[in-house]
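Residue numbers (my numbering), protein chains in the order written: chain Y, 502 to 844; chain A, 502 to 844; chain U, 502 to 844; chain B, 502 to 844.
Bear in mind the hints are in silico, worked out from the structure with no lab data behind them. A hint or two may mislead.
For identical chains, the list gives no copy identity; a pair is met inside one copy or between any two copies.
[Stated by the list, open to error] In silico DSS-like pairs for lysine-lysine, Cα to Cα no more than 30 Å straight-line:
(1) Lys766 <-> Lys816
(2) Lys655 <-> Lys548
(3) Lys771 <-> Lys656
(4) Lys524 <-> Lys656
(5) Lys655 <-> Lys766
(6) Lys816 <-> Lys548
(7) Lys524 <-> Lys806
(8) Lys524 <-> Lys805
(9) Lys805 <-> Lys816
(10) Lys722 <-> Lys548
(11) Lys547 <-> Lys524
(12) Lys816 <-> Lys656
(13) Lys816 <-> Lys771
(14) Lys840 <-> Lys766
(15) Lys656 <-> Lys806
(16) Lys805 <-> Lys766
(17) Lys816 <-> Lys524
Number of protein chains: 4
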Amino acid sequence: MHSTFASDNFAPVHPEVMAAIQKANLGHAIAYGADPWTEQFNQVIKKVFGPSAEGFVVFNGTAANVCSIQQTLSSWQAVICSTAAHIGTDECGAPQAATGCTLLTAPTVNGKITPEACSAFLHGNGNQHHVQPGLISITQSTELGTVYTIDEMKKLVHFAHQHHMLLHVDGARLCNAAASLGVSLQALTSDIGVDILSLGGTKMGLMGAEAVVFLQAGLAKDFQFVRKQQMQLASKMRFLSAQMVALLDGDLWLRNASHANAMAKLLETKLRTHCPQLPILYPVEANALFVQLPSMDILQRLQKKSFFWIWDYEKAVARWMTSWDTDPAFVDTFIAELKCLIR
Amino acid sequence: MHSTFASDNFAPVHPEVMAAIQKANLGHAIAYGADPWTEQFNQVIKKVFGPSAEGFVVFNGTAANVCSIQQTLSSWQAVICSTAAHIGTDECGAPQAATGCTLLTAPTVNGKITPEACSAFLHGNGNQHHVQPGLISITQSTELGTVYTIDEMKKLVHFAHQHHMLLHVDGARLCNAAASLGVSLQALTSDIGVDILSLGGTKMGLMGAEAVVFLQAGLAKDFQFVRKQQMQLASKMRFLSAQMVALLDGDLWLRNASHANAMAKLLETKLRTHCPQLPILYPVEANALFVQLPSMDILQRLQKKSFFWIWDYEKAVARWMTSWDTDPAFVDTFIAELKCLIR
Amino acid sequence: MHSTFASDNFAPVHPEVMAAIQKANLGHAIAYGADPWTEQFNQVIKKVFGPSAEGFVVFNGTAANVCSIQQTLSSWQAVICSTAAHIGTDECGAPQAATGCTLLTAPTVNGKITPEACSAFLHGNGNQHHVQPGLISITQSTELGTVYTIDEMKKLVHFAHQHHMLLHVDGARLCNAAASLGVSLQALTSDIGVDILSLGGTKMGLMGAEAVVFLQAGLAKDFQFVRKQQMQLASKMRFLSAQMVALLDGDLWLRNASHANAMAKLLETKLRTHCPQLPILYPVEANALFVQLPSMDILQRLQKKSFFWIWDYEKAVARWMTSWDTDPAFVDTFIAELKCLIR
Amino acid sequence: MHSTFASDNFAPVHPEVMAAIQKANLGHAIAYGADPWTEQFNQVIKKVFGPSAEGFVVFNGTAANVCSIQQTLSSWQAVICSTAAHIGTDECGAPQAATGCTLLTAPTVNGKITPEACSAFLHGNGNQHHVQPGLISITQSTELGTVYTIDEMKKLVHFAHQHHMLLHVDGARLCNAAASLGVSLQALTSDIGVDILSLGGTKMGLMGAEAVVFLQAGLAKDFQFVRKQQMQLASKMRFLSAQMVALLDGDLWLRNASHANAMAKLLETKLRTHCPQLPILYPVEANALFVQLPSMDILQRLQKKSFFWIWDYEKAVARWMTSWDTDPAFVDTFIAELKCLIR
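In isolation and in its complexed conformation, chain Y is listed as follows:
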C-alpha cells in the first residue's frame, strides 16, 4: 500500500529500529526481561525521564493504559478522562473489564479537559454509593490533534494532587507533543509532577512496543505482577526493549515526531491555501487534522484514492494523520486530488 493519511500505525518500521531489532538477534538471551537490551532500556528510561523513573515494556497502548490503572487504583475507584479519551472510546471496555474501575468522562474543548471540568466528579467523595475518583487521565497529544500546554498540564497535576488523585498521561503520541512544544520528554512529564505515563512507540516508528513509565518514586512497587497477570510480559523481551532504546536513546523520537508534525502543518498550510472553504475543526498542533468535506460523496471519492478514517459520517469529517514517513510530495498529490474533487 502506498502512503496514506490513515494513521501513524499504518506506517512501516523505521530503518534504524529494524536495524536495532536485527542487532538484538544475537545468540541466546535470558527470557522475560533479564537481558542486556532490557537493562539498557531501564537505564535509558532514567536518562530520558529522570532518576526516579521506572519503565516496563508492554505490547500495546491499551495494555499500557490498563496496567497504569490497575497498578494505582482499587476497583471502586474511578478515572476521570475526557469524552474523547481513547481509554473510553477505543479500547473495547478493556479498562473497565480488566480493572473494574469506572471511567468518568468530563466534557472537553478541543480534546482537552480542565480542573473545572474534573471538579464536577468530586461531589460524591467519601460517599459509599459512589465510585471515588483516584486518577485523572489525559491524552497528550490529544485524540483531536491538539496539545496541552505545560501550564495546562501543571494545573491538572496540581488539581489532581490537591484532591489525592494521581495524574496519568496517555502518551501514545507524547513525542509529537514534546516536539510541538519544543520541550524534552522529562520537562513534559516528571518535571511537572506527572505520576504515570503510557509511553507510545508503535506510532513513532517502532514495530510494536509501548511502555508504562512510573515517574515518581514508589509507584512501580510490585508492578511486575500486574504486567504478567495482564498478559503483557514478553518472553523474548529483548526485541521490544531494543526498539524502545532505538527510539529514545538518541534523537530518533524527536526526528520522527518533528517530521510528522511538520507534515501536518504543511498539509494544513496547503489546505488553507488551496481549499480555504474547508473547515479545519481543531487547532493543528501535532500530527492530525480533522477536516469537514462538502459531502460524504466527495469524502468517499477521496478516500478511494487514498485511504483514511471517517471521523463523523453525518458531518462528512475526515481525520488525516501524518507520520514519520510522510513524503511532502504526497501532501501535494493529496491536495491536488482533493482540489479536483471539490472544484
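Given chain Y's structure and the hints, the job is docking chains A, U and B onto it.
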C-alpha cells in the same frame, strides 16, 4: 550469551522469520488486521488445520490461553487441567483473574491427565454451590517434555464431549509434539476433535507471536471483541502474521521442531552413555529433559558454566531444554562439563 | 425516628410482611431454596408475570441489576441507560466491576430515555475497538419520580429487539409505576416484551428482598450459578421468599404503592397551594418530588426538622419521597414547617 | 419440616433474635447503616473483639469471605487454604471471580492446615510468573467439625506474619469453636493476632446476617466501598444489625453454640454405645459428625426418615450436624432408627 539449555525462548529468531519480518516492512498497511499478511495467515491456518479452522494472532502464550477460556466459558465454569499445567503454575493467576473461572487440577503421570483423573470433578455437576467444568485443557507437548499419543488425546476429547465440555490444547510446543509423533498439525488437533488451540510460535523460532485457533465451526463467533478487550490486538499486526506465515506455510515448523527434538534425544543418549547414574525423570519425547543431579552444589556449578532453570531445589533437579538452534557440538561440551563435575 | 420524606427505604417493614416472616419461622427447612416458601414464590412469580416468568430472590437492588447484566451480556458488551440511572450513579461501580461491561449513558428528559437517544450508541456495531450494546436498561418508575407510559416502553422494547438487544427494567419501584398507570405488573413487563426485571421489594415495605425475574422463556438458563457466584444465594431463603409472597400474592404491592403515590400527589397539591413559588422540577407521577428551595439555608433548616436527601447543593434542590407508611397528617406538618421557613 | 441433622442453616430463627427484629421495626431509620441499631452493633463488636475491631454486616458467608479477600489482596496475590475450605469448594468460584485472586490449597489433616503445609507455597515468592501468597485462610471450627487449638492458631498467625501475610478466619461457626475451647471470641481472634474474620451468624440462630470483622487497626480503611461494590450494603441495615446485636451482646452466641456442640457430643456418645461398628471419621469437637454407614442403601433409607447431606457417595459417609434447636429426644429417635436399619 552463548547457547544454553535454559529454554526454547532464550533462542534467537530464525533467519527465515527475520527475513519475513523485513519483507513485511513495505509501505503502509491497514492496522489491526486488515492487511495482506494477516489475510495470508488466515488462509494458512485453514490450510494447516482444515477449512473450519479460524486463527487469531495474539502476543503471548498466557494470552492465548486466557482468550481461549474467556471465549468459551462463563465465570462460574471451570477448567480441568493437570497439576503441572502452565495455566495454573506459571501465568501469575491470569486465567482466573481475567476470566473469573476456576482451575481444577487433576493429578498427573508424566505431565499427562486422563479421563479417569478428570472424572473426579464431575460429582458436583448441576449443584449451584460448585463451579461447573466446561473445558479440559491439556498441554501438548507437556510441561514435562512428554507427548500425549493420538489415542490418549482421542479419549480425552471423547470424555470432554460426552460431558458437554470442550477440549483445549495449550500448544506452546505443539510443533514438537507433532514432530515427535510424526503426524501433521491437523491430525493432532482438528481431525481428532480438539476444539480450541493455543498455538505457540515464539518457542519455535519466532520473535513473538502466538495464535488462538478455533478448530471447529462456530466457536470463533465474536472472538474479535475478546481479543481486543484482553489487550491482544496488535496495531501493526502484519509483523505478527508474517512471522506465523513463515513458520506454518512450508515446513519451517517441522524442521525447527524436529531439530529441537533430535537434540534432546542426543542429549539423552549422551547422558545415558556418559553419566548413566543420573536419573532422567520423565520419558524424553519432545525437547526437554529433567535430570536429577547428585547435589545442588554440582547443579549450581554446572549452571554457572551454562545457564538453565532449576526445577526442584530440594531434589537438585535440572530442566534442560533444546531449541531450533541447538548445536550438537554444544551437547558434547555440556556433557563433558557435567562429566567433569560429577566425577 | 419519626416519619420522614427521606426515602422509601427509611420506612419500617409492613405488618403483613412481618407476620409472614414469623409464620415462616417454623421448624427446619431445606437451605438454599428447596423450601416450601420458595416453591410458593416461584408459583407466585408465574401467576403475576405470566407462565414464562422465572424469578430468583436476591438480597438487594444493586445485586438484582448486576445479576441481570451478568446473565445476559459478555464483558465486551455494553448497557445503554440514562445519565440518571441508578446502575451508573449509585452502585459504586458494581455493574462494571462485577460484569466487566460498560455503561453507555444516554441523555434523558425527566429521567427517561428514548430510542432516538439510544441510537447514537449503535454506530460502532461490529467494530472490534468498541463495546457492543447488548442491553437497554430503563428504570421504572424513574430515579426522578416519573413513569414511562406503556407506549414509551413498547417503543424501547421494539428498538432493543430490532437491534438484537434485550430490554431490562430496573424495577426497584415497579409497583409504584404500575399503580400510577393503573395496570398490572404483567401488563407493564412480560406483555409488552420486557426481557428481564429487577423487581424491588424492600422499598415496597419488605425487610429486605428483591428478585431477578426473567420474563421470556430461556433467559434464566444456568442463572443459579450466576446468583451463587455473585454472593446472592441466601441460606435461609425461606425468609426472603416469604416476604416476596406476602407482597405479590394478593394486593399488598398495589395498596402500598398506591398509598405512597397518593401521598406524593397530596404533597404536591399542598405545595402548589401553600408554596406556589417553589419550582417542582419533574412531573410527580410516582412517589417522589424534587423541589427547589429558595436557598440552602432554608433547605438545611427544613432538613433539621425532618431529614431528607439533598439532590443538588448548588441549586438547593430537595428530594422528598413518600412511602407505604406516610401519614397524611405528616404531609400537613411538613408543609406547615416549610411555609413557616420560606415566609 | 421436623428437626434434622442436615445443617445448622436448616434451623429456624431463635426467638430472641426474632424479638430483636420486631423491636427494630419501629418508625423510620436512616438507610445504609446510619441507624441506632448499627451504631450499637459497632459498639458491640468492639466490646466483644477489642477496641481495634471494626465490624461490617453483610448478607452471607460467601460474601464475608470474598470481601475479606478483596479488602486485603491484589488480584495477583493468593490465598492459602485447606483442600476442604468452603471458599474453595462451596462458593461456586466467587472468591476467584470477584477478586481475581488464586486459591492455593494445602493438604489437611482433619480439616486443619499447618505452617509446614503452607510453606510449600512460598517457593515462588518474588517470581513474576507466580501468584504471591498474601493471606492464609483457616476455617474455625473446620468444615470437618474439628477445632484448631489456640496454640495451633498462634503458630499459623506467627507463620503468616513472618512471611508478610495476613491471617483470615472463616468463622461461619466461630462460636462453636469458642464454646468448644471454652474461650472468649476475643481470645480466639484479636488476642492471638488474627487479622480478619468472617463472623457467622446465620448458622447460630439468626435469620440471615454475617459480618466482616477487621481485628487489627488500619485494616478496615475504605472497606465501605468494597462492601457496597460487592453488593453487600443492606438498605434497611437495622434489621441485620439488630440480629447481630441479639447474638453477641449477651450470651446468646454461647448458649446456642454450647447447645449445638453438646448435642453433637450426645449423638457421638449414643452412636458409640449403640452402633459401635460405625466409623466416626473425625474428632467430634464442634457440632458435626461424619459417619461411615455400612452401605449407600442404608444411608438412603435413613436419609428418607430424616434428611441430611451425603458427604461421600462412594464410601457412604453421612454428615450429621446439630444446631441451636436440636432436641435431645430427636437424637434418641435418630439413633433408634439407625440401629433398626443396620441391625
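Checked hints:
1. For the homomeric pair lysine 766 and lysine 816, the shortest alpha-carbon distance inside one copy (23 Å) is at most 30 Å, but the shortest distance between copies (46 Å) is not.
2. Only within a single protomer do lysine 655 and lysine 548 lie at most 30 Å apart by alpha-carbon distance; the minimum there is 22 Å, versus 49 Å between protomers.
3. In this assembly of identical chains, lysine 771 and lysine 656 lie within 30 Å of each other by CA distance neither inside one copy nor across copies; the values are 35 Å within and 49 Å between.
4. Taking the closest pair of Cα atoms, lysine 524 and lysine 656 never come within 30 Å of each other, the shortest separation being 43 Å inside a single copy and 47 Å across copies.
5. With identical chains, the CA atoms of lysine 655 and lysine 766 are at most 30 Å apart within one copy only, with a shortest distance of 26 Å there and 52 Å across copies.
6. Neither within a single protomer nor between protomers do lysine 816 and lysine 548 lie at most 30 Å apart by alpha-carbon distance, with minima of 46 Å and 44 Å respectively.
7. In this homomeric assembly, lysine 524 and lysine 806 come within 30 Å of each other (Cα to Cα) only across copies, at 25 Å, whereas the closest approach inside a single copy is 38 Å.
8. In this homomeric assembly, lysine 524 and lysine 805 come within 30 Å of each other (Cα to Cα) only across copies, at 26 Å, whereas the closest approach inside a single copy is 39 Å.
9. For a Cα distance limit of 30 Å, the shortest separation of lysine 805 from lysine 816 inside one copy, 18 Å, qualifies, whereas the shortest one across copies, 53 Å, does not.
10. Proximity of lysine 722 and lysine 548 under a CA criterion of 30 Å is satisfied intra-copy only: 20 Å inside one chain copy versus 38 Å between copies.
11. Only within a single protomer do lysine 547 and lysine 524 lie at most 30 Å apart by alpha-carbon distance; the minimum there is 23 Å, versus 34 Å between protomers.
12. When the C-alpha separation of lysine 816 and lysine 656 is checked against a cutoff of 30 Å, the pair qualifies only between copies, where the shortest distance is 28 Å, while the shortest distance within a copy is 34 Å.
13. Within a single copy, lysine 816 and lysine 771 get their C-alpha atoms as close as 22 Å, which meets the 30 Å cut-off; across copies the closest is 50 Å, which misses it.
14. Taking the shortest Cα distances, lysine 840 and lysine 766 sit within 30 Å of each other inside one copy (18 Å), while across copies they are farther apart (65 Å).
15. For the homomeric pair lysine 656 and lysine 806, neither the shortest alpha-carbon distance inside one copy (44 Å) nor that between copies (42 Å) is at most 30 Å.
16. In this assembly of identical chains, lysine 805 and lysine 766 lie within 30 Å of each other by CA distance solely inside one copy; the values are 24 Å within and 57 Å between copies.
17. In the homo-oligomer, the alpha carbons of lysine 816 and lysine 524 never lie at most 30 Å apart, since the shortest distance is 48 Å inside one protomer and 39 Å across protomers.
The structure does not agree with the numbered hints 3, 4, 6, 15 and 17 stated previously, though it agrees with the rest.
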